[in-house]
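Q: Model the full structure from these sequences, guided by the hints.
Residue numbers (my numbering), protein chains in the order written: chain A, 1 to 403; chain B, 1001 to 1234.
Calculated directly from the structure, the hints in this document are not laboratory data. It is possible that some hints are incorrect.
[As the list claims (entries may be wrong)] Here chain B is said to cover these stretches of chain A; the calculated rule only asks that three of the stretch's residues, wherever they fall, bring their Cβ under 8 Å from a Cβ of chain B:
#, region
1, 233 to 247
2, 390 to 403
[Claimed, not checked] Below, computed lysine to aspartate or glutamate pairings styled on EDC-like, alpha-carbon distance capped at 20 Å:
#, chain 1, residue 1, chain 2, residue 2
3, B, LYS1100, A, GLU308
4, B, LYS1100, A, GLU7
5, A, LYS10, B, ASP1139
6, B, LYS1011, A, ASP395
7, B, LYS1009, B, ASP1078
8, A, LYS133, A, GLU232
[What the hints assert, rightly or not] Sample of chain A residues with no beta-carbon within 12 Å of chain B, all distances over it, derived:
#, residue
9, LYS10
10, TYR137
11, GLY148
12, THR271
13, ILE326
All residues carry an ideal CB built from backbone N, CA and C; glycine is no exception.
Chain residues, written in single-letter form:
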Amino acid sequence: MFSLLSESIKIAISSIISNKTRSLLTGLSIIIGISTVTLMGTLISGLDRGFDRSMDFLGKDVLSISRWEWFGDLEWWEVRNRPRIKIDYIDKIKERSKYAEAVAPVLQRGASLSRGDLGARSQIFGTTPDYLKTTKYGVAEGRFFTKGEDRSGARVALLGHDVAENLFPNQDPIGKYFKIDGIRFKALGVMEKQGKFLGLFSFDTQVIIPSGTSQRLFSKRGFLRISVKVPEDKISESKDEIYGIMRQIRGLKPKEKDDFAVNQTEAFESTYNQIKFAIGGVGIFITVLSLVVGGIGIMNIMFVSVKERTKEIGVRKAIGATRNMILTQFLMEAIMICVIGGVIGLSFAAVLSLIINQFFPSTMPIWLAITSISLSVFVGVIAGVVPSYRAAGLDPIDALRYE
Amino acid sequence: MSGLISLKKIKRHYDVGGEKVRALDGVDLTINQNEYISIMGPSGSGKSTLMNMIGCLDTPTEGTYEFEGELVHEMDDDQLASIRNRKIGFVFQTFNLLPKATALRNVEVPLIYSNISKSKRLKMASDSLVSVGLEDRLDHKPNELSGGQRQRVAIARALVNNPSIILADEPTGNLDSKSGIEIMKILHELYTNGNTIILVTHEEDIAMHAKRIITIFDGKIKEDKINKKMTKAL
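A: This is the structure:
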């Protein structure tokens, strides 16, 4: 049986080689289908990994109070008309909330950094030492600033990983000075490398300074959000509580709508899942379509092949090939066209995913490669079975007489 | 002489456009080991049907066919394929070689179907080609061979499984006279070496090579005689 199978594969390959153009054209749909499904899988799995990592940036158990919803459908002017979030909410939240484990302000603004000839654009985060409790990433080298430094408005800063590399190439930045918008700051430490958030922007280009310093030196009217760390198993209770506290602070009547937002990574997740399903849906649609078209093409070519080789089938039967042997031979040919198409599609997708990876997270897991090759075999079997069955059922006398 | 093949009251009817065609209409025939038989007859006589019947490509509508004790008339497709593979060597008028395969691979094919190991297969196939004088043509494809050489490859293929009978259907029909003589010589050699040969032809001078000549007409055996003036191809 084994020699028969390897023989069938040999016959199939030689038949494909002698009909290169025809086989390639026939396999084209399979190539497209397999490329699509693989690429889609690669993208989704890359997105998943990137997304999970990115969600760690924010932390599932961190609520973010700000004027705008992350994925809201409000008009921009409605958001603009909302009252600002104020820094003194922090103490009120700390006072009233029983869930909040840490509450930290984040005053964010763009600024330019310089040190001698070196310069960079950066996002400045003005915050308190509680900030460390609201993020998964800690200090890699040096130390965070203290409450005292925050209160006194000390001109000290922690650098994002990339900032440290840009401003202090091949040097230890700790204890050294640099300038934020022309004002001298001392580097206390470097934050852990975080990578890109969804492959889009990076916290590694941030600079963290005390919120007190930020308020004193820069405009108080910067963009402020408040991060609240809550217990992981009490997220929804905590969220309800924070809503209540914020409404109290704002003095909203029961009928009035919220004029603030409490955001959470969950919002990202549901939007992300929508995107994922959209990519998956489109990918599956194209895949199914091209595999169906490809399958029909292969079925057609197999019918032609059986017709062309009727005499050969007759000869093979006369010298002792059984139905199953003929069936195997033609089935194997259909499968080989599909598998070769599948391998080409897979390699194409692999190359493309490497290119995409330069801009966007994408990885090709091994299960995906195995799935797409199995899918090719499946299409080959489905497309090949009817023509092969017809070949196997030919009457040897008629087949021998066929010209 | 031991009975190799025994056909009794063989009938083969076809329905062609609602009309019954009696291709074979009661044929009784016994063939013994190491016979050299010609089956003759004009076209439409039932000669081809009889050949297909003997070659186990077709089964009778009525009657019994025994081949070395095996009941061919009761066999299904796969059993027929197996008996063709083991016991019958076909030689066709149009050679019917696989065009993309070398001589060696062509001869190897029946052995693949009888599930013989690769190394044994190559040895048997090349031995068979050597026996028909093609030892220096093993790797040639059919289009690189002359007609006579192609037919010799076909004979090698027919012989490779050491069959009980060689069934040759107009083996010289597509050959020039010189190559034709060559082929008839090989068949004669096979006969003298103890093989059983059944030659199907409509040419009388080819038929004269056989020792026993059977003439078929209208689906019946008209004449079955010993050929006293057997031509010896030399």
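Q: Confirm or reject each hint.
A: Right, here's what the structure says about each hint:
Residues of the region 233 to 247 of chain A lying with their CB closer than 8 Å to a CB of chain B number 0, which falls below the three-residue condition for coverage. Here the region 390 to 403 of chain A counts 3 residues with a CB under 8 Å from a CB of chain B, which clears the bar of 3, and the coverage holds. Note on LYS1100/B and GLU308/A: the hinted pairing holds, with a Cα-Cα distance of about 14 Å set against a maximum of 20 Å. Between LYS1100/B and GLU7/A the alpha-carbon distance is near 14 Å, which keeps this suggested pair within the 20 Å criterion.
Pair hint LYS10/A plus ASP1139/B holds up; C-alpha atoms about 17 Å apart against a cutoff of 20 Å. Of the pairs offered as hints, the one joining LYS1011/B and ASP395/A holds, with about 19 Å between alpha carbons and a cut-off of 20 Å not exceeded. Using a Cα cut-off of 20 Å, the hinted pair LYS1009/B and ASP1078/B is violated, with the two alpha carbons roughly 24 Å apart. This hinted pair checks out: LYS133/A and GLU232/A have alpha carbons roughly 13 Å apart, not beyond 20 Å.
For LYS10/A, the non-interface assignment is contradicted: its Cβ lies about 9 Å from the closest Cβ of chain B, within the 12 Å cut-off. Every CB of chain B is more than 12 Å from the CB of TYR137/A (nearest about 63 Å), matching its label as outside the interface. At roughly 85 Å from the closest C-beta of chain B, the C-beta of GLY148/A stays outside 12 Å, upholding its exclusion from the interface. The Cβ of THR271/A lies farther than 12 Å from every Cβ of chain B, with a closest approach of about 58 Å, so its non-interface assignment holds.
Distance check for ILE326/A against chain B: the nearest CB is about 9 Å away, which does not clear 12 Å, and the non-interface claim fails.
Comparing the model with each numbered hint stated earlier shows that hints 1, 7, 9, 13 do not hold.
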